[in-house]
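Can you build the whole structure from these sequences, using the hints too?
Protein chains: 2
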Amino acid sequence: MGRSRRLLKSLASEERALSRSRKIDRDAPDAPRADLDPADWDAFAEDAHRGLDLMIDYLRGVRQRKVWQPAPEAVRARFRAALPQKGKPLAGLIDEFEQFMLPYANGNLHPLFMGWVHGAGTPVGMVADMLAAGLNANCGGRDHIAIEVEKEIALWLAEAFGFSPESSGVFVTGTSMANLVAAVVARTKTLGEPVRRGGLRAAERQLVAYASQEAHGSIERALEIAGIGSAFLRRIRVDAARRMDAQALGAAIAKDRAEGLLPFFVVGSAGTVNTGAIDALDALADLSADEGLWFHVDGAFGALCVLSPELKPLVKGIERADSIALDFHKWLHVPYDAGFFLCRHPQVHRETFMSTAAYLARAPRGLAAADIWPCDLGPDLSRGFRALKTWFTFQAYGAERLGAVIARTCRVARHLEGLIAASTVFELCSRARLNIVCFGVKGDSSGELNREIVMDLHESGLAAPSTTRLDGRPVIRAAIVNHRTAEADMEVFVAAAEASAARLRAGRRAP
Amino acid sequence: MGRSRRLLKSLASEERALSRSRKIDRDAPDAPRADLDPADWDAFAEDAHRGLDLMIDYLRGVRQRKVWQPAPEAVRARFRAALPQKGKPLAGLIDEFEQFMLPYANGNLHPLFMGWVHGAGTPVGMVADMLAAGLNANCGGRDHIAIEVEKEIALWLAEAFGFSPESSGVFVTGTSMANLVAAVVARTKTLGEPVRRGGLRAAERQLVAYASQEAHGSIERALEIAGIGSAFLRRIRVDAARRMDAQALGAAIAKDRAEGLLPFFVVGSAGTVNTGAIDALDALADLSADEGLWFHVDGAFGALCVLSPELKPLVKGIERADSIALDFHKWLHVPYDAGFFLCRHPQVHRETFMSTAAYLARAPRGLAAADIWPCDLGPDLSRGFRALKTWFTFQAYGAERLGAVIARTCRVARHLEGLIAASTVFELCSRARLNIVCFGVKGDSSGELNREIVMDLHESGLAAPSTTRLDGRPVIRAAIVNHRTAEADMEVFVAAAEASAARLRAGRRAP
Numbered sequence: 003m004g005r006s007r008r009l010l011k012s013l014a015s016e017e018r019a020l021s022r023s024r025k026i027d028r029d030a031p032d033a034p035r036a037d038l039d040p041a042d043w044d045a046f047a048e049d050a051h052r053g054l055d056l057m058i059d060y061l062r063g064v065r066q067r068k069v070w071q072p073a074p075e076a077v078r079a080r081f082r083a084a085l086p087q088k089g090k091p092l093a094g095l096i097d098e099f100e101q102f103m104l105p106y107a108n109g110n111l112h113p114l115f116m117g118w119v120h121g122a123g124t125p126v127g128m129v130a131d132m133l134a135a136g137l138n139a140n141c142g143g144r145d146h147i148a149i150e151v152e153k154e155i156a157l158w159l160a161e162a163f164g165f166s167p168e169s170s171g172v173f174v175t176g177t178s179m180a181n182l183v184a185a186v187v188a189r190t191k192t193l194g195e196p197v198r199r200g201g202l203r204a205a206e207r208q209l210v211a212y213a214s215q216e217a218h219g220s221i222e223r224a225l226e227i228a229g230i231g232s233a234f235l236r237r238i239r240v241d242a243a244r245r246m247d248a249q250a251l252g253a254a255i256a257k258d259r260a261e262g263l264l265p266f267f268v269v270g271s272a273g274t275v276n277t278g279a280i281d282a283l284d285a286l287a288d289l290s291a292d293e294g295l296w297f298h299v300d301g302a303f304g305a306l307c308v309l310s311p312e313l314k315p316l317v318k319g320i321e322r323a324d325s326i327a328l329d330f331h332k333w334l335h336v337p338y339d340a341g342f343f344l345c346r347h348p349q350v351h352r353e354t355f356m357s358t359a360a361y362l363a364r365a366p367r368g369l370a371a372a373d374i375w376p377c378d379l380g381p382d383l384s385r386g387f388r389a390l391k392t393w394f395t396f397q398a399y400g401a402e403r404l405g406a407v408i409a410r411t412c413r414v415a416r417h418l419e420g421l422i423a424a425s426t427v428f429e430l431c432s433r434a435r436l437n438i439v440c441f442g443v444k445g446d447s448s449g450e451l452n453r454e455i456v457m458d459l460h461e462s463g464l465a466a467p468s469t470t471r472l473d474g475r476p477v478i479r480a481a482i483v484n485h486r487t488a489e490a491d492m493e494v495f496v497a498a499a500e501a502s503a504a505r506l507r508a509g510r511r512a513p
Numbered sequence: 003m004g005r006s007r008r009l010l011k012s013l014a015s016e017e018r019a020l021s022r023s024r025k026i027d028r029d030a031p032d033a034p035r036a037d038l039d040p041a042d043w044d045a046f047a048e049d050a051h052r053g054l055d056l057m058i059d060y061l062r063g064v065r066q067r068k069v070w071q072p073a074p075e076a077v078r079a080r081f082r083a084a085l086p087q088k089g090k091p092l093a094g095l096i097d098e099f100e101q102f103m104l105p106y107a108n109g110n111l112h113p114l115f116m117g118w119v120h121g122a123g124t125p126v127g128m129v130a131d132m133l134a135a136g137l138n139a140n141c142g143g144r145d146h147i148a149i150e151v152e153k154e155i156a157l158w159l160a161e162a163f164g165f166s167p168e169s170s171g172v173f174v175t176g177t178s179m180a181n182l183v184a185a186v187v188a189r190t191k192t193l194g195e196p197v198r199r200g201g202l203r204a205a206e207r208q209l210v211a212y213a214s215q216e217a218h219g220s221i222e223r224a225l226e227i228a229g230i231g232s233a234f235l236r237r238i239r240v241d242a243a244r245r246m247d248a249q250a251l252g253a254a255i256a257k258d259r260a261e262g263l264l265p266f267f268v269v270g271s272a273g274t275v276n277t278g279a280i281d282a283l284d285a286l287a288d289l290s291a292d293e294g295l296w297f298h299v300d301g302a303f304g305a306l307c308v309l310s311p312e313l314k315p316l317v318k319g320i321e322r323a324d325s326i327a328l329d330f331h332k333w334l335h336v337p338y339d340a341g342f343f344l345c346r347h348p349q350v351h352r353e354t355f356m357s358t359a360a361y362l363a364r365a366p367r368g369l370a371a372a373d374i375w376p377c378d379l380g381p382d383l384s385r386g387f388r389a390l391k392t393w394f395t396f397q398a399y400g401a402e403r404l405g406a407v408i409a410r411t412c413r414v415a416r417h418l419e420g421l422i423a424a425s426t427v428f429e430l431c432s433r434a435r436l437n438i439v440c441f442g443v444k445g446d447s448s449g450e451l452n453r454e455i456v457m458d459l460h461e462s463g464l465a466a467p468s469t470t471r472l473d474g475r476p477v478i479r480a481a482i483v484n485h486r487t488a489e490a491d492m493e494v495f496v497a498a499a500e501a502s503a504a505r506l507r508a509g510r511r512a513p
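The listed protein sequences correspond, in order, to chains A and B. Converting from the first sequence to our numbering requires adding 2 to each position, the first position being numbered 1. Converting from the second sequence to our numbering requires adding 2 to each position, the first position being numbered 1.
Bear in mind the hints are in silico, worked out from the structure with no lab data behind them.
Where chain A lies over chain B, by a calculated footprint (3+ residues, C-beta under 8 Å):
#, region
1, 52-62
2, 75-87
3, 455-465
Residues of chain A placed beyond 10 Å of chain B at every Cβ, according to the derived structure:
#, residue
4, Arg-237
5, Leu-289
6, Gln-349
Quantities reported herein were computed from a predicted structural model and do not represent experimental measurements. Ideal placement from N, C-alpha and C gives every residue a C-beta, glycine not left out.
Shown next, in the form of structure tokens:
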């Protein structure tokens, strides 16, 4: 049989097989489906639309509910069941979600949630994440559109931060992971690519990193995971505005060098978790450049100040960073989780993570084409399409409005500061440069009453601040992140906190 | 003013403030919203429901489309735009998604996608992820229901794997990350908790890990990130079934000990990426116990064989592992991403990651209550609610049906094997123990034609296998993971591959 006859025969056989395959859906419509698609798509659609309506109603009514309430033990006990062997109808599961999960949520959607630095989500983000979940792209690599969308987000960030468009970027879960990626990339830069194979014990000297006393604990964790050791994170003292003391940083570097250690990594904070302090990034950039150290900015929420013309000057110097870690799920309210690592040095970034595994080989054409895959830029291989919810958020609101919403939270925080300053019960414990206000009961030197008030407010369902320690004392901390939080909410918050203080002094808890 | 008068006054003031706050939504309904909620909820709901219908139609028609097609350059160029300053209506963004993203997707939903080991998602998972995105829980910690749901998933896995209910578990992005967590926890077990502070250079001896030649590249990457160095991963030779040679493992451990190194970590593979091989887990468990090494199972997809009574015997021994890494987004079709790390030793697991940062302090009551938070068990602090889509998947389908779907993919793979064995064009290159079939063109010793066929099939849109290397030769690899893939699809695939081989031999590419 000649080549062309063989080809024709093959093509005819292909055509027949394809036609059979396309009919598989329609064969034996009454047989139980072997796949996991719905037996009845219309019934499924009805359930799905009801689920969507449920969430829209929930989001619409978020202000009318308690900020938080604890799940009763009977509800918790429901979630200690055995592995379900048989399936249940989707409608009933949505009911269970409505009845047993929705009421006992995190609280971070509510305008009076001010605990920790949580984003509030948006209805737009929910729709985008639904689309992403349906599309179900694996963004580890290969040539498909989700990868292009992720690259566009990197481009947008490069533009926003004044980085070159050649900069590399990758989505990760959050800034904890982005800080780890930064430490590992900086390690490659300092010790060279052979550190991947040889490990840290092959290095001649011990690496040392630097961050302020107020920097986030994820820096320690990054150094721990990376095997460098958190004892080699120098916690540099801060000034009155809780910014890293650049002179002390210089001295620490000099001391470590003198002792034969190898400084490699300076972490500036753009918005500390405790008080929203922003290091003098320009000064840190200067010093890092002089010393030949990698300058990383932990900008978990504060980096996005660049979107607000009013706040952008506060993070001056961030455009000189070697890398930036930030979260879209905080001040940009992209649904959890969506962290990002942006890097000025694409080459060393790739050299840190790229693999030569055969099943990841690139092809000149087809689905395995494309040069750089996201799995070359971070620790993940399987990865969801975090870029889509971020893309929808930027596109639906525009950078200007997102920046304005960020700036507004800072104004609300200043309003809260004013109320606290005027309060007969409370005193300010830090100055809000951004959106975080720390305060405490006047005269509560142990901070015990502050802790009690926070628990009491949680249990009352009226407001949810958190606690932290400032100069050793537990204080009440309100992080105004939520786009729904208005100035008038601060009156409620302070009134509720004052009532709580009065109740607790009278020996009573939240009713 | 006495205590009770002060209290009454406070409560009255609280009541007034709260009433004002609850009305914020209704004040000035015509003013532009300061928050990111829709100005017109009904219009938003209409767009959201249209988005949902779009995805339902997309999922319903998945079999009728091409598996994959490359995005034209004009489409890619759309995703290189400047940062959008102004917002756009949601409806138009959904149109853009429909027009410029949906057609250029990854392909993994299509029954003829067999490239890599990708899950196919489910409509149920999409609904669950929409609910999660609306709820927008941060599952790093605190006392809310999402944490209970995550703990229930750990319980279910403990039951499925025969672990104690006291075992600890944590969601991560995927098995790459779960393998990193495993390496880091095993490092703590071996070197003690002080390794967190002191780092690896303080350890007396170099750690060494062991995995088969066929084990996944993420093990190397985990050792690199953890600073141990991938040169200290011993790649142990495999037998004819591509399982780790236990005798060679024992010899390697002995040699390393003799050389003063510190063996600590044995990784068994339950389903290798190249051929689906499963190590003799019982033998590895014995050896690890004898040697006092941490026995980790990389069960990215294969671990879930335990859900099928027919396949469960293949992973015998997994119940003796110290830890297991697996993905729900592969064989369980939970939308990307949803990896899990299950650990038999909750204490050392916690000791590895727990932090004492003030802003993470636990409270006796309120939102900051609860003992163990997920951030004590892994590298992430901000974390999405991956547990919900996993919970919905187990609840909607039941473990029995999920196990049956897994077993069915293996039957489809055996059917493909039969077709290849009967083919005049192709020959089998590995035996499918699970769901992966590797084959190549008879006589194509360089494997060049195999690579060309895979690209050609991608470009034709008919089928998407991938390539890998077996014994140095590029081969065609079909991983049958998709719940939609039926036996009849294999006829299409083989006919298409044979037609492609004939076309390419005739010097032509996909039409």
